[in-house]
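Novice: Chains A and B, in that order, are what the protein sequence lines are.
Residue numbering for the first sequence follows this note's numbering, beginning at 1 and increasing consecutively.
Residue numbering for the second sequence follows this note's numbering, beginning at 1 and increasing consecutively.
It cannot be assumed that every hint is accurate.
[Said to hold, decoys possible] Not close to chain A: a few residues of chain B, all C-beta gaps over 10 Å, as computed: (1) H24; (2) A49; (3) N52; (4) G790.
[To be verified] Output of the computed footprint for chain A on chain B, the stretches with three or more beta carbons under 8 Å from beta carbons of chain A: (5) 12-19; (6) 562-568.
These are computed hints drawn from the structure, not numbers from a lab.
The C-beta atom is built at its ideal place from N, Cα and C for all residues, glycine as well.
Given next are the chains, with one letter for each unit.
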Amino acid sequence: MTNSKQEARDLFPGALEMMILESLRRQPAHGYALVQHIQQRSNNLLQVEEGSLYPALQRLLKEKLVKAEWGISATNRRVRIYQITAAGMKHLEREKSSFEQMFEGIALVLNPGKAIS
Amino acid sequence: MSWFTRIFRRRNLYRDLADEMREHLEEKTEQFMREGMGREEAAHAARRAFGNAVLIEERGREVWQSPRLESIWADAKFAVRQLVKSPAFTATAILTLALGIGANTGIFTLTHALLLKSLPIPEPDRLVRIALDIDSPNGVVSDQPLNAFLLQSIQRHTKTLSGLFGWSPYDFVLKEDTGSRIYSGAVVSGNTFQVLGLTPAAGRWLTPADDQRGGGPDGWAAVISHRFWQQHYHSDASIIGRHVTLTDHSVTIVGVAPKGFEGVFVAMHPDFYLPLEYEPVMRGAKSMLRQPGGLWIMVWARLMPGVSQEMASAEMRTIYPIAVSETLPASVRHLAVIERSSFAVRPGGKGWSLLRPQYARPLLLLQILVGVVLLVCCVNLAGLCLARASTREHEFAIRGALGAERTRIMQQVLVESLLLALCGGALAIFFAWATDRYLLQFLADREAAASLSVRPDPFTLLIAGGCAVLCALLFGLVPGWLASHISIEPALRRSGHSIAAGKNTVAQRIFLPMQVALTLALVVVAAMLSTTVSHLRAAHLGFRIDNTLLAPADFERLPQKGLDLAHLYRRIILRMEQMPGVDNASVAVSTPLHGMGQTGVFTSASSGKPAIDFTNRYWVNDVGAGYFATLGTRMLAGRDFAGEDSDAGTCILNRSAANRIFPGSTAIGQSLRQTNRNMNVGQITTQDCQVIGIVEDAKYTSLREPAPPTVYLPFGVNTGSLASMYFVIHAATLAEARNAWQKALHELAPGSPETDPISFAVQFDDSIARERLLSVLSGFFAALALLLSGIGIYGLMASYVTQRTTEIGVRMALGATRGGIFALVMRQVAVLLVVGAVGGGCLAVFAAHSIKTFLFDVSPGNPAIFAAAVLILVGTGFAAAMLPARRAVSIEPMQALRSE
Numbered sequence: 001m002t003n004s005k006q007e008a009r010d011l012f013p014g015a016l017e018m019m020i021l022e023s024l025r026r027q028p029a030h031g032y033a034l035v036q037h038i039q040q041r042s043n044n045l046l047q048v049e050e051g052s053l054y055p056a057l058q059r060l061l062k063e064k065l066v067k068a069e070w071g072i073s074a075t076n077r078r079v080r081i082y083q084i085t086a087a088g089m090k091h092l093e094r095e096k097s098s099f100e101q102m103f104e105g106i107a108l109v110l111n112p113g114k115a116i117s
Numbered sequence: 001m002s003w004f005t006r007i008f009r010r011r012n013l014y015r016d017l018a019d020e021m022r023e024h025l026e027e028k029t030e031q032f033m034r035e036g037m038g039r040e041e042a043a044h045a046a047r048r049a050f051g052n053a054v055l056i057e058e059r060g061r062e063v064w065q066s067p068r069l070e071s072i073w074a075d076a077k078f079a080v081r082q083l084v085k086s087p088a089f090t091a092t093a094i095l096t097l098a099l100g101i102g103a104n105t106g107i108f109t110l111t112h113a114l115l116l117k118s119l120p121i122p123e124p125d126r127l128v129r130i131a132l133d134i135d136s137p138n139g140v141v142s143d144q145p146l147n148a149f150l151l152q153s154i155q156r157h158t159k160t161l162s163g164l165f166g167w168s169p170y171d172f173v174l175k176e177d178t179g180s181r182i183y184s185g186a187v188v189s190g191n192t193f194q195v196l197g198l199t200p201a202a203g204r205w206l207t208p209a210d211d212q213r214g215g216g217p218d219g220w221a222a223v224i225s226h227r228f229w230q231q232h233y234h235s236d237a238s239i240i241g242r243h244v245t246l247t248d249h250s251v252t253i254v255g256v257a258p259k260g261f262e263g264v265f266v267a268m269h270p271d272f273y274l275p276l277e278y279e280p281v282m283r284g285a286k287s288m289l290r291q292p293g294g295l296w297i298m299v300w301a302r303l304m305p306g307v308s309q310e311m312a313s314a315e316m317r318t319i320y321p322i323a324v325s326e327t328l329p330a331s332v333r334h335l336a337v338i339e340r341s342s343f344a345v346r347p348g349g350k351g352w353s354l355l356r357p358q359y360a361r362p363l364l365l366l367q368i369l370v371g372v373v374l375l376v377c378c379v380n381l382a383g384l385c386l387a388r389a390s391t392r393e394h395e396f397a398i399r400g401a402l403g404a405e406r407t408r409i410m411q412q413v414l415v416e417s418l419l420l421a422l423c424g425g426a427l428a429i430f431f432a433w434a435t436d437r438y439l440l441q442f443l444a445d446r447e448a449a450a451s452l453s454v455r456p457d458p459f460t461l462l463i464a465g466g467c468a469v470l471c472a473l474l475f476g477l478v479p480g481w482l483a484s485h486i487s488i489e490p491a492l493r494r495s496g497h498s499i500a501a502g503k504n505t506v507a508q509r510i511f512l513p514m515q516v517a518l519t520l521a522l523v524v525v526a527a528m529l530s531t532t533v534s535h536l537r538a539a540h541l542g543f544r545i546d547n548t549l550l551a552p553a554d555f556e557r558l559p560q561k562g563l564d565l566a567h568l569y570r571r572i573i574l575r576m577e578q579m580p581g582v583d584n585a586s587v588a589v590s591t592p593l594h595g596m597g598q599t600g601v602f603t604s605a606s607s608g609k610p611a612i613d614f615t616n617r618y619w620v621n622d623v624g625a626g627y628f629a630t631l632g633t634r635m636l637a638g639r640d641f642a643g644e645d646s647d648a649g650t651c652i653l654n655r656s657a658a659n660r661i662f663p664g665s666t667a668i669g670q671s672l673r674q675t676n677r678n679m680n681v682g683q684i685t686t687q688d689c690q691v692i693g694i695v696e697d698a699k700y701t702s703l704r705e706p707a708p709p710t711v712y713l714p715f716g717v718n719t720g721s722l723a724s725m726y727f728v729i730h731a732a733t734l735a736e737a738r739n740a741w742q743k744a745l746h747e748l749a750p751g752s753p754e755t756d757p758i759s760f761a762v763q764f765d766d767s768i769a770r771e772r773l774l775s776v777l778s779g780f781f782a783a784l785a786l787l788l789s790g791i792g793i794y795g796l797m798a799s800y801v802t803q804r805t806t807e808i809g810v811r812m813a814l815g816a817t818r819g820g821i822f823a824l825v826m827r828q829v830a831v832l833l834v835v836g837a838v839g840g841g842c843l844a845v846f847a848a849h850s851i852k853t854f855l856f857d858v859s860p861g862n863p864a865i866f867a868a869a870v871l872i873l874v875g876t877g878f879a880a881a882m883l884p885a886r887r888a889v890s891i892e893p894m895q896a897l898r899s900e
């Protein structure tokens, strides 16, 4: 519990949103499915506090990067399904490339001996 | 999604969020149950995995909110609840603010209308006025008009000004089906409206082609005001080209001025604009247009691009001697008064008004006074808010303990102040409106008062709003700062109600003497101004003002001229004197205290000394027989005019004129020589008359000036202003006087326009209108400040007694007498009052000296006034402290100690 909280806080700002957008790019999903997806894809390395997804989804909704609609899930449950918008796609591309640059930079600093190029 | 719709869609957004979170938890619970957990356990585990649902939902909602705005909104709602809970405080605060802000808004609106408002024309700041400043030995007379010759001369020579135009207000008589009525208007240069840069609402403007001898292409062209167009022609555009009879001649309406344009003279509302060349048509032989010596046209112009007002002014000073030599005959040109005078260029974009020089300084003084009143209001409210803040210390401490930031607590106090101030400001607009209605009655010029539009408009709202915000900051900052800097722990440890907020009391004790000091200064100023009015009222006039009617004659269009007209006047006087109730009646060219009068150059005919302008200049009035009896001016020697043609060649002097012209000898029977210089052609004429009587000195143009040496000539000899003299009627009642005047006029001069007679008492009041205005208002403001100080002292002492209840109980248990306790409380007040009075005294000395020019017969250091003001203030202070002191005295020691 303490551990998962720690992980969640250590995510840099925008990371959760990026992961949500990436998941939604593959296929539309509702909140519960999104959490499951992110945890599985990260091999459970990222223990995201499940609820923290929702403020992030609200932010994305506000920025019109995703849209939401109520529907019925495969398990016959009333769910709110999120879909990525065109603006969300663009945003995701931008974020991913800047994230990759940042990651590369951090990697270089942490491992000064191994130049990537 | 716009900010606005978001607020309304928020409810749905929140519901969606809550729903999906609930669904999520259920799905998770079912998942755990599928993994073999019991329902309870599964639900618990799901919640644990989810995190703090309440907090998460709050975060989710926050995404849609703008936190600063929301918190202010929440503060406002809380503030309303707090204010409703203490209605006495709220009502006091709002009323205080409404009076303070209302007074400021009212005065400022008037100041704006009279002094600051720009003309509704493009680029008003490039419009200038060229005036003549006459430097006479009696002082500089500035802002005098020019004439057509000077206008043309300047036009020929100037390189800094373009589009010069002349403007002279003129009243026209319009012949309507129902009779003749007088409308105000102006004769203007042909290019006037092009220079102003306005578009007519209909038709066309006057053009230079209209301003020709004999009229333009449309005959005499006239432009009418938008108001006149609406009221008389219902905005019908087809009236363009219509002919109307204006002052006995047919003119063609060629255009309509735009809505809201009221000419370049403030507080006048012209309905007709005609070319300057129409003036000689109307006035005939008395026309001034071709006289180089008259001064009657106000000249305006636009600064050329890149030229400053100073540059234009400098050029005008060099043009002045050229213009004078081009227009005036040599014998006049070299008079010292002409050589020393000069043109001046003044800003013209705000128009011009005679009221301006009269009211600029009084309005400034009032503005300062109301500013001080507002300051007193704010200081008072700051004190009240502090007292309130100290009773709410516990609340602030709890909020602080729960993690509220200092700025957040301060914001709450400020929002509360702002709310109060805005309520006060809203109420203030009504006060301002009422104030202005009342204030305008004081303007001596009744027509101007009626036309100065002072209504609650966006501008007034802006001023009231600005004042409110300023007030809120002034009285909210200190309590806000103190509230946000409460040391939480000790405040919480104290029980909820027994408070001894040391810091706040100290702050209150600084505010109170400040308030007392400002109030004292206001009271002293008010006392001096009201003493001025009572001194003016008590001044020895040399005439009586009760039951006397002044009726202006308008005999311009009667067939009788010259001597015949003089005979008509005499017949009307005799007729009026036969009417019931009328004691005496007479006529005069000028009536006292009207603000205007004639002067003439007089010497003793036997002295043989040449007459010099200014040193031998005296006030002069042409009067009929019985003038002195009507006004109650005593005859000291000799006799009155006989009321016959034989009066020509005689004159009457007042005592000081007799003493100055004929020093050391009896004036009666001596010969007085009047010297006239015709400014148009430079010719000098003299006229001798025999002194037949001496009367007592009487005030002439102004109440403030000592009664001047005056020469009285028999009316009818000088025919210049014979058609527009004043009847002076003294009767048992004003109604009888009015009646007599109307009857006699209808009988003997039927068809001459009926004018509005005015009672002498009203003319007297009008002549001290400024002083009365200042006296009444400063008195009101001082009373307001006194009331506020009283409230402040009461509030402070009440909280003092509350805080010291226990202490007083102990003192009484130990044997202190009720008298001793009473003295204890009063000593506190006395200290505050002494500190305030000393500070206020210094302030008042300074204030009294700066209003010296407004005073009459009152020394700014008058000790009696200072003593009275201090006495009033001290009395108010002790009276306000009486109630808390009585409460202190009635404290039961046992009860006070038990409650601890």
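Novice: When the hints from earlier in the document are held up against this structure, which numbers fail?
Specialist: Hints 1, 2, 3 and 6 not satisfied by this model.
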